[in-house]
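Peer 1: Residue strings, one per chain:
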Amino acid sequence: MIATPATPAAAPTKERRPFDPKALIVLPGIAYMALVFLIPVLRLVGDSLRGAEGFSLSGYDRVLGDPYYVQVILNSLQLGLVTTLGTLLLGYPAAMALSRAKGQWQVLLVALIFLPLTVSIIVKTFGLTIMMRRDGIVNWLLVNLYVIDRPIRLVFTEFALYFGMINVFLPLMILPLYSVMRMIDPRLGEAAASLGAGPARTFFRVTLPLTAPGIVAGVSLVFSIAVAAYVTPGLLIGDRFMTMSQVMAKAYLNLRDFQLGASMAMIMLAIALIVIFLATYLARMGVARDPPR
Amino acid sequence: MSLSAGLAEAVSEARVDPDYLRIEKVSKRFGSTTVLSDLDLAVGRGEFVSLLGPSGCGKTTLLRIVAGMLAPERGQVAVGGRNLTRVQTHRRNIGVVFQNYALFPHLTVAENIAFGLRAQRLPAALIGERVKEALAMVRLEDFADRRILALSGGQQQRVAVARATVVKPALLLLDEPFSSLDRKLRETMQIELRHLLRDLDITSIFVTHDQDEALVMSDRIAVMNAGRIEHLDTPARVYARPNSLFVMEFVGQSTRLGGTAAGGEHGSMAIDTGQGRLRAPGSFMAGSAVVLGIRPEAIELGEGPGDAFNTVRARLRDIVFFGARTMLYFEPANPADRILVDLARLPGGLAPGATVTLRWPVAETLVFPAP
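Chains X and U, in that order, give the protein sequences.
Each residue of the first sequence is one higher than the one before, counting from 1 in the working numbering.
Each residue of the second sequence is one higher than the one before, counting from 1 in the working numbering.
So that you can see chain U by itself, here it is in the shape it has in the complex (with noise of 0.2 Å):
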């Protein structure tokens, strides 16, 4: 991927202020329902951090907490080291995204990007250098005095970004930017911004629903589960090497077996499943239930050479055609399972109905406590 040289840099720097936006302890309820509880969360300079999570979860909760627009009950925000718990929104310096943008539709593409240069009362010469300069910078030079109604979706975008960036806040919060524009622009718009943030150097924290965006973009995901950080790690990690059952099912796609731990030893054990005696990494107690989650593009056609596989036989239900991949999904023996596949490139002759050895090495087994 073409991101990850910069995104060693950025770790690199991230390990210089590690704590530079410090969330700790951070509890919040509305009425009887706890929506946030004790959370902590680090992010490093210059990082970009996204908060993944279905909705409910509490992302946009603790989004809003850290932008001031809400309080929480414990807990405090400090970013730089300065403690912002009990600061107003418009003396915190943090600049937002909204997911409708919410650009002031009675100002024009300049005004708006000049908006918080103002309430900075910043010479007027200086505001309007600053402005030209923002404007060039996502490519909306032609722009500036047209009114914000005339603007399609993705330009009302970048004057969002360009708004909040130019007062060169400390912090940078995104609140599911993307979610209102189309899969096409939607794209391109991600690796731009992504390239945007980091010229500019914004510690930014990134608020989705959506999985695909979150590992494209991310330095860190911080996957959450019912106002909690489940997983935070890279989203290669992430992806590889999921924390929990749920990170496992909502970060990318997996085949799923239920079965239960038939002992081993030397953290390897033997797990009963509908697909027969397979083997997993880890160690649970004989007797446990647990299910087994395997990426399916670590599956392959085919027997195995050696034991480093396990192998399992199953009959091919449907084939999903995506273009550049094709998923072939098969027959369980119990339906509670899931079984799927992740192919380049379709072997010939391959049809459905067709009962086919399928094999992925052990190590690539994920095993957890069944929910």
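For reference, chain X alone in the conformation it holds in the complex (with noise of 0.2 Å):
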């Protein structure tokens, strides 16, 4: 009746490939990443470990040791988880709408969301700045629908800070997820549901586990980026809120403390690299497979 296929194969095995030598259109991109990147990161190293008396690693102490700056950190951590949070939920079912819209609309809505990404941080930071002013359209809003009673301040709160950094922060987070989503067959969802499977099993075993490489990509960008945003925190809420970034720049600029700057760098770097790290394996282990039962 049935045909019997051919039992599988042995495990392939990783054999040599000979070179390729179509691989070298890598090295320019690897080239320059080495030169602007690459360079500058190993210099910053190094200062952060040159003190006054040659090697010493005060830097890292001063910065670990002192309650401000480990304040200062802990600012910086909770501004990019925030910031990616709230990306993370207003982006997911945006991109979700987005790759499932049709022809003209999705055009539309894909223009309208990446239209921000044209203007200037600067521009867009202050507009918001305006914006929650006392006599600012939010107050307005808020007060004519009753929510407030008078004006109230919203410039330099975190309200504001986070206000601002998700607008600025959302079409970084709706790209990737969308990206991935269009590719995604919607019949899947259908396949689910024929199963027997609702709404809420559908999205945890089906959808989430295949959006996953998108979500590790929003949350990778925006937290890396986030969490080193320097403009959007100084315009609205100043220093009320020190992150490290603005110590990094009092440290070169104003304090002309150079190992004081590169150790914050360095420990900014080592922290972006920890969530991403972290994302990537919480994606893969966390939603990949049923859990055993």
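Hints were generated in silico from the structure; no laboratory data involved.
From the three backbone atoms N, C-alpha and C, an ideal C-beta is built for every residue, glycine too.
Worth double-checking, as some hints may not be accurate.
Which stretches of chain U does chain X cover? Using the computed rule of at least three CB atoms under 8 Å from a CB of chain X, they are [as the list claims (entries may be wrong)]:
#1 90 to 99
#2 163 to 170
Derived coverage of chain X by chain U (criterion: at least 3 residues anywhere in the stretch with Cβ under 8 Å from a Cβ of chain U; other residues may be distant) [claimed, not checked]:
#3 25 to 36
#4 191 to 197
#5 204 to 213
Could you use the hints to bring the two separately framed chains together as a complex?
Peer 2: This is the structure we're talking about:
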């Protein structure tokens, strides 16, 4: 009755493939990155380890031993995490809707979401501060909707900071999510439903695992840029909420303390890398498989 | 055909519960286009019914309505006496094998098959057992831990069938599941799937635009055209006695001669065609335009004995060799007509250009009103 398939071949052994000269096209990119990224980073490592009398770890010691700087690091982490979480929660459904939109609608929606990227962050952030002034549109709206009695102070609050950060970073979250979601076969959801899976099970067992690569990409991208954000926090909240970027800028520009600035930079790089690896690991382990029952 | 014994069984079972799937007065529009209009269909328990028709005839829309992926504007769908019209897909217990299989690419073969069982929250031990059985049933035991993308098309199809049937669905829907397989494999898989579904005793609706597929696999065929079922019957009867010109043209090949009814009596009439006056069973008003159809294997070469045959003379244009059979194409007097003959063996000395006498039984002449 049923044709017997050939027994599966042994697991393909890792064989060395002959060198393909086409691979050489990566060289210019690698050379460029080495020049503008690797060398400066190595110099930063050097700076962070060089005190007044040669080699010293005092830069790291000063940062990690001082409650003020520890608070700054925690502020930056909070900034990165809240922004990432906010953009993920808002961006995921938006990217989903975008990937399901058809024809003209999709073109329009993609344009609407990505057009803000063409506006300079400084212009955008100043625009936000104008919106959030006491006589700005946000206060006007809240008062007239009877949410608040009289205009409240919004600029230079954490609310303004996260509102602005999420606004600036949302497209960066949607872009990778959208590019992954549009590749997913919509029939998979129907297949799950035909097998008796309700909307929640379909989401957690099918949609979420399949979009995990997009989540990892979006989270890594937004977090690593948001944690280092300088302009937006500076304009929306200022010195009340010091971040690592601001401390670095002060260390280099005002204090001329290169070791302090470089140490802070290395710590920030380490945090960003840890979060990216963590996100990747969690995505692989957490949602890819059904837990054993 | 080896399937005929099984067919008799299935038909007798269908008689026990001939309305197992009941589709009543279903209508569906997309914008201003009516895709289905007041469609009725009843399928018996254990039956295998094909929805056959050209693309755009509404067969896939009907399938999606039965699955709950589309809501009809009017009408209702019931399975086993349970009205499903307003029931969501995941509560219907209707399995679907998709055209592209829609297997979960992030899961292994075994995990794909286990998906529906897990949704039913069965105990893990039972799931393991059922998955193992299903793998054995489709002969994929050695592939349990393979990734879906590491499988061939035929293997993927087997996984899709195992995944849809392992949950013991009340009804199985198949949406052109063979269309991405190559011809040789397709023929093997058709027979294989038919046996499998009969063993499992699953009532199935099969959507296809491929008439050969429908003829090989079905207990009954519903030929669809423009949102309606034009003919619902066994493959043999749909082929031999098509209800309409559309069905005759869509299912199988045939000689086609346009003509005018010239009167007759006692259920037999004369028709004037480009090939002369012919006779056919039926009664049309004299003067009405009709089309005659004759299946190619009904036609033989040479004069017929007695007057139970129609005979025409025509010039042979082409001989097309198919291996087991040979198709002869003739030049009709009227260019809108078509004359073709299917022979098991080609007589020696026959070559294009020869003028040949053809005959076929009057009783096997089909008559339809001209479109």
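Peer 1: Indicate, hint by hint, whether the structure satisfies it.
Peer 2: Hints and how they fare:
no., hint, in the structure
1, 90 to 99, "holds (count 8)"
2, 163 to 170, "holds (count 3)"
3, 25 to 36, "violated (count 0)"
4, 191 to 197, "holds (count 7)"
5, 204 to 213, "holds (count 4)"
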